[in-house]
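Please build the complex by placing chain Y on the supplied structure of chain C, with the hints as guidance.
Protein chains in written order, with the numbering used here: chain C, 68 to 389; chain Y, 51 to 378.
Just so you know, not all the hints are guaranteed correct.
Said to hold, decoys possible - No farther apart than 20 Å at their CA atoms in a straight line, the calculated lysine to aspartate or glutamate pairs in the DMTMM-like style are these:
#1 K335/C to D247/Y
#2 K335/C to D84/Y
#3 K219/C to E192/C
#4 K335/C to D289/Y
#5 K335/C to E178/Y
These aren't lab readings, by the way, just hints derived from the structure by calculation.
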Amino acid sequence: MKQPLVKIEDVYKDYQLPKKYLFQKAPFFRALHGINLELNQGSSFGIVGESGCGKSTLARIVMALDNPTSGTVFFEGRDLFNIPSAELRHLRRNFQMVFQDPYGSLNPRKNILGIVAEPLDTLKERLSFAEKKERVSQILVEVGLNAADTDKFPHEFSGGQRQRIAIARALITRPSLIVADESVSALDVSVQAQVLNLMMDLQDKYNLTYMFISHDLSVVEYVTDHVAVIYMGQIVEQGTTKSLFQNPLHPYTQTLLRAVPDVNPLNKRREVKERIPQFEMTSKSCPFLDRCIKATKNCADNAPKLVENMGHWVACFNPDVA
Amino acid sequence: MTLLQVKDLSVTLITAQGPQEVISNINFSMDAGDKLGIVGESGCGKSISALAMMSLLPPDSQTSGKIILEDQDILSLNSTQICSIRGNRIGMIFQEPMTALNPVKKIGAQVSESIDLHMNLNRKQTLERVTELMDKVGLAVSRFPLNLYPHQLSGGQRQRVMIAMAIACNPKILIADEPTTALDVTVQEQILDLIRDLADSSGMALIMISHDLGVIAQTTQNVMVMYTGNIVEMGRTVDVFQNMLHPYTYGLFSAIPHAGSSAQKKRKRLSCIPGQVPELHLRPQGCNFADRCSKVSHKCKAIEPAATKISDQHQVWCYHPLTQEDKK
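Isolated chain C, as found in the complex:
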């Protein structure tokens, strides 16, 4: 079998919280709870969930910007958290990130040449100025900007163009993995469509792998071929985009899908019944217990594990097989 490009193995991440009392053991917040994922070369993997569910933490760990508390990430078979730092630095050229806010992620005091060439400088690629400029101009044309834009500054560009610059900066090191953390959610729909098309074209051209993090389900459905739904640091449902969107099994996935407002004014939303939590939440219970309409005693006592069901994986004792 082909080796996956990225293999995330049983990753836990705890963040320490401030102590309330001097001699107390420091409390912690578990942001990720045993995440296992595999990303294949050339695919797009979507990560979906509400704010605070740990999707950005996962992105930071895949980018080796943060250490997991336990577990590890393999990139092309190499353990990112167990190699010499010089080697990690060398490896970093293969995975790059595009951030959410195109206004905050570009340094306003640097020109576009400086911004896009920065990864080359950091990675100690010894290029002459002319070579560097040549490479930057090339990549700018690739992302739909002008080669002559190298001397301009970020404020001269619109939001969509800035996001193209951010993509150019990620592409300049010729990476195989791009982590896109909410990369199109700050853009207007017509611009968002342009940027999404660009990302697809680049993927076809360079056989890129995307890890696509978003709260916008229709974008994720459109872009990705595999999806994982995360709730409170745990994967609750995972599988191919097609099977998961056509046949959502976990009550949480269904809640998410139902909450997206329909653009057809005639399709009125179904009313959701108010529900009072019946079971007390413990550290052993299913994380979705207090919001679930199908909660039983079993859910309160044991947390369900991911099991295969109808072509994808779901962590639920009472999946909705309709």
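This is chain Y only, laid out in the frame that chain C set:
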């Protein structure tokens, strides 16, 4: 009875490139209980029109036209008279609940602010009113005491506080400017339900401003689509969303990835509107959308189109409204 009438409203702001007209000649009217949506991309003037109704535009801006609320023209009032309307007869929910609330004031004090200003109640009555409001927006005082600070609440709860503030004086009109943009879908659903229920139960008119076509589709009866300070299409939400006529409206719709796209065998490219929104000082003569439009003609570039009535309630500002064949 007509509650709000906006007549030939134009707004000019002073920018680095000199005075620029950001809204030109918009007209619409609303009755009590109406739900109007304003949809468009950033820079189309949807928020500026809301600010004009609240008289919250920057001091050096110039306005012309009329905004008539019941029988008063808001634009001709002095600042004291405006104060008696703002927050009292018109309430507004702002976009960013993280920044719109004052971080150093308790939520109870923030909600009671406009009550103190407009309602002439004593302390006990004010407290009762605030308690009632918090109940209405789903933050029962037993669980969410009034002495909490905004940072102790989540994004959705803060937006509920904002709603309580906006409806504190039983306004005639509630303006919601992108009320759910910063929120998760599940929370967005709850907030939209809340706003809709409040409007239905009290007969308030609602102006819902959003860039999200789904939000507009699910909360409004009438809609106006704006582009670069002009209305390009207006009508009943069902008519406009089912049978869109302006190329811009159609472009907006085709740019959203539709649910069910994973079912298709091969991924299709998203259709997108070419080019980008022209900057304020670079807006062309004639139709502002001409440079991005697929059906552009010489006439479009010379003279700005006037409203064409398609039916009683459906109007479009375009010389070449789309036909069924164009949409294939």
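Tested hints:
1. Restraint check: the Cα-Cα separation between K335/C and D247/Y comes to about 15 Å, which is no more than 20 Å; the hinted pair holds.
2. With a C-alpha separation of about 18 Å, the suggested pair K335/C and D84/Y falls inside the 20 Å cut-off, and the hint holds.
3. Annotation: proposed proximity of K219/C to E192/C is violated, straight-line Cα distance about 23 Å (limit 20 Å).
4. Note on K335/C and D289/Y: the hinted pairing holds, with a Cα-Cα distance of about 15 Å set against a maximum of 20 Å.
5. Straight-line distance between C-alpha atoms of K335/C and E178/Y comes to about 36 Å, which puts the hinted pair past the 20 Å bound.
Checked against the numbered hints above, the structure violates hints 3, 5; every other hint is satisfied.
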